[in-house]
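Listed here are the chains, written in short residue letters.
2 protein chains.
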Amino acid sequence: MLMKDGWFFEDDMPFATAIKTKGSLYSKKSKYQNIEILDTVTMGNLMLLDGKTMVSEKDEFYYHESIVHPAVSIHPRPKKIMVIGGGDGGTVREVLKYKSVEDIELVEIDEEVINVSKKYFPEIACELNNPKLKIKLNDAIEYMKNAQEKSYDVILCDSTDPEGFAAGLISKDFYKNASKALKENGIYICQSGSLLIQENEFKMSLENIRTAFKYVDAIVSMIPIYPGCMWSFLIASNKPLDKKIKNIPSGKTKYWNEEIHEKLFAKPEWIKEKYFSLQAVK
Amino acid sequence: MLMKDGWFFEDDMPFATAIKTKGSLYSKKSKYQNIEILDTVTMGNLMLLDGKTMVSEKDEFYYHESIVHPAVSIHPRPKKIMVIGGGDGGTVREVLKYKSVEDIELVEIDEEVINVSKKYFPEIACELNNPKLKIKLNDAIEYMKNAQEKSYDVILCDSTDPEGFAAGLISKDFYKNASKALKENGIYICQSGSLLIQENEFKMSLENIRTAFKYVDAIVSMIPIYPGCMWSFLIASNKPLDKKIKNIPSGKTKYWNEEIHEKLFAKPEWIKEKYFSLQAVK
Chain A
528 MLMKDGWFFE DDMPFATAIK TKGSLYSKKS KYQNIEILDT VTMGNLMLLD GKTMVSEKDE
588 FYYHESIVHP AVSIHPRPKK IMVIGGGDGG TVREVLKYKS VEDIELVEID EEVINVSKKY
648 FPEIACELNN PKLKIKLNDA IEYMKNAQEK SYDVILCDST DPEGFAAGLI SKDFYKNASK
708 ALKENGIYIC QSGSLLIQEN EFKMSLENIR TAFKYVDAIV SMIPIYPGCM WSFLIASNKP
768 LDKKIKNIPS GKTKYWNEEI HEKLFAKPEW IKEKYFSLQA VK
Chain C
528 MLMKDGWFFE DDMPFATAIK TKGSLYSKKS KYQNIEILDT VTMGNLMLLD GKTMVSEKDE
588 FYYHESIVHP AVSIHPRPKK IMVIGGGDGG TVREVLKYKS VEDIELVEID EEVINVSKKY
648 FPEIACELNN PKLKIKLNDA IEYMKNAQEK SYDVILCDST DPEGFAAGLI SKDFYKNASK
708 ALKENGIYIC QSGSLLIQEN EFKMSLENIR TAFKYVDAIV SMIPIYPGCM WSFLIASNKP
768 LDKKIKNIPS GKTKYWNEEI HEKLFAKPEW IKEKYFSLQA VK
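For the protein sequence lines, the chains are A and C, in the order given. Sequential numbering of the first sequence, starting at 528, is according to my numbering. Sequential numbering of the second sequence, starting at 528, is according to my numbering.
Because the hints were derived from the structure by calculation, they are not lab data. Hints are not guaranteed to be accurate.
Note that the list lumps identical chains together, so a pair holds whenever it fits in one copy or between two copies.
Unchecked claim - Straight-line alpha carbon distances no greater than 35 angstroms define the calculated DSBU-like cross-link-like pairs of lysine-lysine that follow:
#: 1; residue 1: K741; residue 2: K626
#: 2; residue 1: K607; residue 2: K799
#: 3; residue 1: K771; residue 2: K661
#: 4; residue 1: K606; residue 2: K558
#: 5; residue 1: K672; residue 2: K730
#: 6; residue 1: K547; residue 2: K579
#: 7; residue 1: K556; residue 2: K799
#: 8; residue 1: K799; residue 2: K549
#: 9; residue 1: K779; residue 2: K730
#: 10; residue 1: K645; residue 2: K799
#: 11; residue 1: K766; residue 2: K710
#: 12; residue 1: K770; residue 2: K707
#: 13; residue 1: K770; residue 2: K801
#: 14; residue 1: K801; residue 2: K626
#: 15; residue 1: K799; residue 2: K771
#: 16; residue 1: K645; residue 2: K801
#: 17; residue 1: K549; residue 2: K801
#: 18; residue 1: K801; residue 2: K659
#: 19; residue 1: K779; residue 2: K741
#: 20; residue 1: K799; residue 2: K659
#: 21; residue 1: K646; residue 2: K801
#: 22; residue 1: K661; residue 2: K606
#: 23; residue 1: K607; residue 2: K645
#: 24; residue 1: K730; residue 2: K549
#: 25; residue 1: K579; residue 2: K549
#: 26; residue 1: K799; residue 2: K646
#: 27; residue 1: K646; residue 2: K766
#: 28; residue 1: K779; residue 2: K799
Given the structure is predicted, the values throughout are model-derived calculations rather than measurements.
Work the whole structure out from these sequences, hints included.
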């Protein structure tokens, strides 16, 4: 992370998003990571975990709507949900727009992320006290190993990059455990990195998830503050993924709508050829 | 433009793309603007005009395929084409993938951009000597004023930001002249800026183009090196825009395909509501 003349950008990659800041609002090491909140000129408050861009007030809806609606809207009747990571509460907020949802478990390892989000991102964290939500302060890898079989309708992995304590979240074992924890028609979705600068991470995640689920597809969305912006999500199930919308979120959305829904599943030609052609899937 | 510790980014906006560079390959003031070519770590050669990011070798296809294929593929029989700006040759290269195209005029004010592109971007400039191409070293605003009426099938405005000598390219008069120069079922397309940080430019361009054409729509694409990445294009005609693909480009594409084609016309909910709802169009 580089902070120079008021500009922040992640300088450990050769391509980054530079954001002009007005200063730091919070900076503290939790048990697991450095948490920093920057006050930016145009993106509102910005959260960094170990120097990595996580979420900004202004563009958070692109990310949260991209991870939630493609998966939850196509499930016939989503009732029981698990969210991994996502301590800022944005994913939970979007999931709760579905009336059928009765029960959400938020498996966040770091309580400080939750506390800081409530203070600095009130519009994102607005549902973190919802009675349908159970917060589990656990390591998701252990939690998934012990999860009850065939009990979740949708599992959403809204994690940091798969490094350090989060590295196991794209392993074959983790995906296998997630596959077991889902009901027969359950759906798994996870963020899988930048297709511009983290293609190796996407590739590894895709190879591993294919060993655990019968049907795997990718979503390509736009997250303006993430480097290269072209962001991928993997979506998987053991039943064919019928992409028709079956549930409409009751609250307003800012990015997602029916047209965007279908388009999220469209892939740039080079991605389609390299990873989703008949040869690539073999 | 800021160049520090090998990083380049446009620091005149509070949000930018930071690109790690290895050095400068060319830097010279032409009659119209500063032209600079940087050698970057992951994006290949990068062209800046007056310090603004124009094109990089690695991601140029997102831009060029986004401006060309949505417009040219839906025209019933594109034969005569005008390209404004686009001296790097990328737009011309994509247009020439349509077998029916007989005649392209490239109206580029700055010959130096063409010369530099041939040297530093050979894969982008590869068709700049094609016999179907006529290069017109003219100011596009004057050129359009004097263009023969009802003579072009598609006009593509691949210009820099509408500032300085390019400011007139989003004026009502310019759009009116373009509308006149097109055949009855002709199609106009232009880049219209970042929806994240240049919304005012998009708004003004949209308001003006609506005074000159009966049917106007927007395309939202991803251009990884452009700030905020979420890039807009306006597409307009005096006949209803039938978005069905009627011509398939004969050469290979890396981004565009039939699914992406439809995706490009889908708009984030906030854009749809604000600019393309019934109220917004009134």
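Against the structure, the hints:
Only within a single protomer do K741 and K626 lie at most 35 angstroms apart by alpha-carbon distance; the minimum there is 28 angstroms, versus 42 angstroms between protomers. Taking the shortest Cα distances, K607 and K799 sit within 35 angstroms of each other both inside one copy (32 angstroms) and across copies (32 angstroms). Taking the shortest alpha-carbon separations for K771 and K661, only the intra-copy value of 29 angstroms comes in at or below 35 angstroms, while the best inter-copy value is 48 angstroms. In this assembly of identical chains, the alpha carbons of K606 and K558 lie at most 35 angstroms apart only when taken from the same copy (33 angstroms versus 65 angstroms across copies).
With identical chains, the CA atoms of K672 and K730 are at most 35 angstroms apart within one copy only, with a shortest distance of 24 angstroms there and 51 angstroms across copies. Taking the shortest Cα distances, K547 and K579 sit within 35 angstroms of each other both inside one copy (15 angstroms) and across copies (17 angstroms). In the homo-oligomer, the alpha carbons of K556 and K799 never lie at most 35 angstroms apart, since the shortest distance is 41 angstroms inside one protomer and 42 angstroms across protomers. Only between protomers do K799 and K549 lie at most 35 angstroms apart by alpha-carbon distance; the minimum there is 32 angstroms, versus 41 angstroms within a single protomer.
In the homo-oligomer, the alpha carbons of K779 and K730 lie at most 35 angstroms apart both inside one protomer (34 angstroms) and across protomers (23 angstroms), since each shortest distance falls under that limit. In this assembly of identical chains, the alpha carbons of K645 and K799 lie at most 35 angstroms apart only when taken from different copies (31 angstroms versus 40 angstroms within one copy). Taking identical chains as interchangeable, the C-alpha atoms of K766 and K710 lie at most 35 angstroms apart only when both belong to the same chain, with a minimum of 10 angstroms there against 51 angstroms between chains. Taking the shortest alpha-carbon separations for K770 and K707, only the intra-copy value of 22 angstroms comes in at or below 35 angstroms, while the best inter-copy value is 43 angstroms.
Within a single copy, K770 and K801 get their C-alpha atoms as close as 22 angstroms, and across copies as close as 27 angstroms, so both meet the 35 angstroms cut-off. For the homomeric pair K801 and K626, the shortest alpha-carbon distance between copies (27 angstroms) is at most 35 angstroms, but the shortest distance inside one copy (38 angstroms) is not. In this homomeric assembly, K799 and K771 come within 35 angstroms of each other (Cα to Cα) both inside a single copy, at 20 angstroms, and across copies, at 21 angstroms. For a Cα distance limit of 35 angstroms, the shortest separation of K645 from K801 across copies, 30 angstroms, qualifies, whereas the shortest one inside one copy, 41 angstroms, does not.
In the homo-oligomer, the alpha carbons of K549 and K801 lie at most 35 angstroms apart only across protomers (29 angstroms), although the nearest pairing inside one protomer, at 42 angstroms, exceeds that limit. In this assembly of identical chains, K801 and K659 lie within 35 angstroms of each other by CA distance solely across copies; the values are 33 angstroms between and 41 angstroms within a copy. Taking the shortest Cα distances, K779 and K741 sit within 35 angstroms of each other both inside one copy (33 angstroms) and across copies (31 angstroms). Taking CA atoms no more than 35 angstroms apart as the test, K799 paired with K659 passes between copies only; the shortest distance there is 32 angstroms, against 39 angstroms inside one copy.
In this assembly of identical chains, K646 and K801 lie within 35 angstroms of each other by CA distance solely across copies; the values are 30 angstroms between and 43 angstroms within a copy. Within a single copy, K661 and K606 get their C-alpha atoms as close as 14 angstroms, which meets the 35 angstroms cut-off; across copies the closest is 62 angstroms, which misses it. In this homomeric assembly, K607 and K645 come within 35 angstroms of each other (Cα to Cα) only inside a single copy, at 24 angstroms, whereas the closest approach across copies is 58 angstroms. Only between protomers do K730 and K549 lie at most 35 angstroms apart by alpha-carbon distance; the minimum there is 28 angstroms, versus 37 angstroms within a single protomer.
For the identical chains of this complex, K579 and K549 are neighbours both inside a copy (18 angstroms) and across copies (24 angstroms), given an alpha-carbon limit of 35 angstroms. Proximity of K799 and K646 under a CA criterion of 35 angstroms is satisfied inter-copy only: 32 angstroms between copies versus 42 angstroms inside one chain copy. For a Cα distance limit of 35 angstroms, the shortest separation of K646 from K766 qualifies neither inside one copy, at 41 angstroms, nor across copies, at 53 angstroms. In this assembly of identical chains, K779 and K799 lie within 35 angstroms of each other by CA distance both inside one copy and across copies; the values are 32 angstroms within and 13 angstroms between.
The structure fails hints 7 and 27 (numbered hints given earlier, in ascending order).
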